[in-house]
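There are 2 protein chains.
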Amino acid sequence: MIYIAILGHGVVGSGVAELMRKNADPIARKAGIPVAVKHILDIRDFPSLPYSELFTKRFEDILEDGGVRIVVETIGGLNPAYDFVKRCLLADKSVVTSNKELVATHGDELLAIARERNLNFLFEASVGGGIPILRPLDQCLAANEVYEIAGILNGTTNFMLTKMIETGMSFDDALALAQQLGYAERDPSADVDGHDACRKICILASLAFGKHLYPNQVYTEGIRQLTPTDVKYASAIGRVIKLIGRACKREDGRLYAVVAPMLLPKDNLLAEVNDVFNGIMVRGDAIGDVVFYGRGAGKEPTASAVVADVIDEVKHLSARKYLFWEPGEEGYAIPHDDAESAMLVRVAAGDKQAVTAVFGQVAFIAGDRLPGDELAFVTPVLNEKELNGKLAALPVVSKWRLY
Amino acid sequence: MIYIAILGHGVVGSGVAELMRKNADPIARKAGIPVAVKHILDIRDFPSLPYSELFTKRFEDILEDGGVRIVVETIGGLNPAYDFVKRCLLADKSVVTSNKELVATHGDELLAIARERNLNFLFEASVGGGIPILRPLDQCLAANEVYEIAGILNGTTNFMLTKMIETGMSFDDALALAQQLGYAERDPSADVDGHDACRKICILASLAFGKHLYPNQVYTEGIRQLTPTDVKYASAIGRVIKLIGRACKREDGRLYAVVAPMLLPKDNLLAEVNDVFNGIMVRGDAIGDVVFYGRGAGKEPTASAVVADVIDEVKHLSARKYLFWEPGEEGYAIPHDDAESAMLVRVAAGDKQAVTAVFGQVAFIAGDRLPGDELAFVTPVLNEKELNGKLAALPVVSKWRLY
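Chains as they are written, first to last, in numbering that gives the first Met the number 0: chain A, 0 to 402; chain B, 0 to 402.
These aren't lab readings, by the way, just hints derived from the structure by calculation.
Treat the hints with caution; some may be incorrect.
Identical copies go unnamed one by one, so any copy, or any two together, can satisfy a pair.
[As the list claims (entries may be wrong)] For lysine-lysine, the following BS3-like pairs were computed, each having C-alpha atoms within a straight-line distance of at most 27 Å:
| hint | residue 1 | residue 2 |
| --- | --- | --- |
| 1 | K265 | K162 |
| 2 | K56 | K398 |
| 3 | K265 | K231 |
| 4 | K56 | K384 |
| 5 | K351 | K37 |
| 6 | K210 | K21 |
| 7 | K298 | K162 |
| 8 | K351 | K398 |
| 9 | K231 | K248 |
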């Protein structure tokens, strides 16, 4: 029998506890040995649960129990999760986490501790919920040089954008609907401002390129400014607006990393990823493009990914496997000003000459259902500093990057 | 240094040899130790290759070389691949293969030998080319009960169907084009008659459900009978025709397994998988639907998947990992007659009453560009025996299953 402990009995933690009970037999068969939950840390009591006797409010009960070989962290956030996870590793317990903020911020340090002590630190559930992406990325693409990772990494904003695109709903109405359906939290900023997608692209890029990309190195824009009119303009040029997290490796070894609403061509497979689904595209030299697609969040898929990591750690107790990257460094990601972009730009009507004066001849976008009191066009590809310099001379209503 | 040998220097085998040379450094880093090709078996000579000294025509040179720990089989077909692979395993060499016919036919036996001798037998490249699917299926879905696997598993036929759908091309013209572009072989029967897709769904189902499903247990229909008119009828009811391999686990523990052209709803993500791409959908209890998408064939993606397996075997020499299933048995798959299907049926015009006499009231399909001299309708869901019994009374032009 292998004993594990769970830190935090919220949505994911309770899902893990339930799955460990419900699927105990297949889990034992897969792991080669029975696996049981010994402690669950939570500040609350759950007297009516069939496993209420497992709860403790003292982290030390877990830390000091030498019988616990694996700890599952599902508290979320940095504090106290970071401290708890680090102390578990230092106490020679392998760790599984679903906490993307923790991995995106401190993954390099925690992976280094795990490696030093011959432990495992796995976090498949931190990206793409139940979609298997980190292990395939690490293992199956071993023979590839990966150039780019791009994805729709946040289900909440993708649900909102799908409503805005399909029904012309405003941002506010789409957010209210997402909150009503339980997809968005009361404070939606982690989703709508792009922070969640930013953490996920950091984890994906760190693994794919072998060096830690930190959240503060990624230029991040959310979807608050998007309007139904922007959506219509995108459609008029055969594109769809999606919140994309993207990291590309440049020839000089540095990364270009960004999270922002982008206009995808309609025949790009990510353009077909709708509602709360996530899609992640990996581009490698030998493999070409591979896309992973599925439900990016939710209690059951996420808990299922955590339990799969637990099974893997049971199979590899004291034999470190998988997943490693080096610490990052300043200057690893290029400054956003140096990125090359083309943008769809809307300006007030009557400024055709001003636009031409700045950009030369451009094709203005026409269409039936577009507003008559403004102009829109696509800029040439320029570096963002130059592009923004030129746009400063115009009465810009909105501007969105093309993918 | 770990030495490997390659059996067969065809498209995939030469791709593996090239990748092992080109990416020797990253491969050594990933594997933890340098890996080199020591022998290549082929009946031909390749005097102008930079590694021409590695070639041998005697299989025994490889079998009897105790320095070779891992053998890559890329000969294809059953004979002599089956004999060679079995003897390599019995000589305590781990094996990697891209040979789907071999795995679909003898996977259970070869996996059992590998397990007995603490060796690895991996075959990621046998399904989906470079798309990582077998290992994610095995590992990341460990905590899931899988209900169904369905996919577009053959790139050649998917390319042909895409042409037939998008440009109204006939089967013959689409085949000629596929041959011209090198996607189809001169004898295209393995592709167009569904045998290739059948082997792949056997491998996927064997792994997902833990018991060997043999090719002769899968009802298999190809795409030779499909016409542009069928494609138009599908479109008239909002569907797209794709060649689908599908295996579903029933409540009684038996499988329903089929390869056939099927009419997918247009909003099904597999409906968006076009050209030579493959898409594989896995449906599990906790995870929901997950789709893997990418280039299903081609020298480089396939070789890259083989090399990833080699790296994995180097990391696990003498420590068996991953991938196992039990031998199958007669009666494991239900007879096709017992399957439940709805079909889109075309009959000669003027038989409306005959149709109604057999099926009761059905909605006849109307549309601008459909032929005027026939009728088409969708049957209710019935078991295939009953359905075919009813259809025997009608002058059926064609009939296609709905997914």
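_Up to 27 Å CA-CA - K384 versus K56, copy category_ = Close neither inside one copy (52 Å) nor across copies (62 Å); limit 27 Å.
*Between K351 and K37, at a C-alpha cutoff of 27 Å, which is it: within one copy, between copies, both, or neither?*
neither (70 Å within a copy, 68 Å between copies)
*How would you classify K56 and K398 at a CA-CA limit of 27 Å: within, between, both, or neither?*
neither (50 Å within a copy, 64 Å between copies)
*Using 27 Å as the alpha carbon limit, work out where K265 and K162 are close: within a copy, between copies, both or neither.*
Both. Shortest intra-copy (17 Å) and inter-copy (19 Å) distances satisfy the 27 Å Cα cut-off.
*Can you tell me if K298 and K162 fall within 27 Å by alpha carbon in one copy, between copies, both or neither?*
within (23 Å within a copy, 41 Å between copies)
*Which holds for K265 with K231 at a C-alpha limit of 27 Å: within a copy, between copies, both or neither?*
The answer is both: 13 Å in one copy and 23 Å across copies each meet 27 Å.
*When no copy is specified for K210 and K21, does a C-alpha distance of 27 Å or less occur within a copy, between copies, both, or neither?*
Only across copies: K210 and K21 sit 23 Å apart there, 38 Å inside one copy, limit 27 Å.
*If the cutoff is 27 Å on CA atoms, where do K351 and K398 land: within, between, both or neither? Let me know, please.*
within (16 Å within a copy, 57 Å between copies)
*Should K231 paired with K248 be assigned to within, between, both, or neither, using CA atoms and 27 Å as the limit?*
For K231 and K248, neither the intra-copy (32 Å) nor the inter-copy (44 Å) Cα distance is at most 27 Å.
In terms of the numbered hints stated before, the structure departs from hints 2, 4, 5 and 9, listed from lowest to highest.
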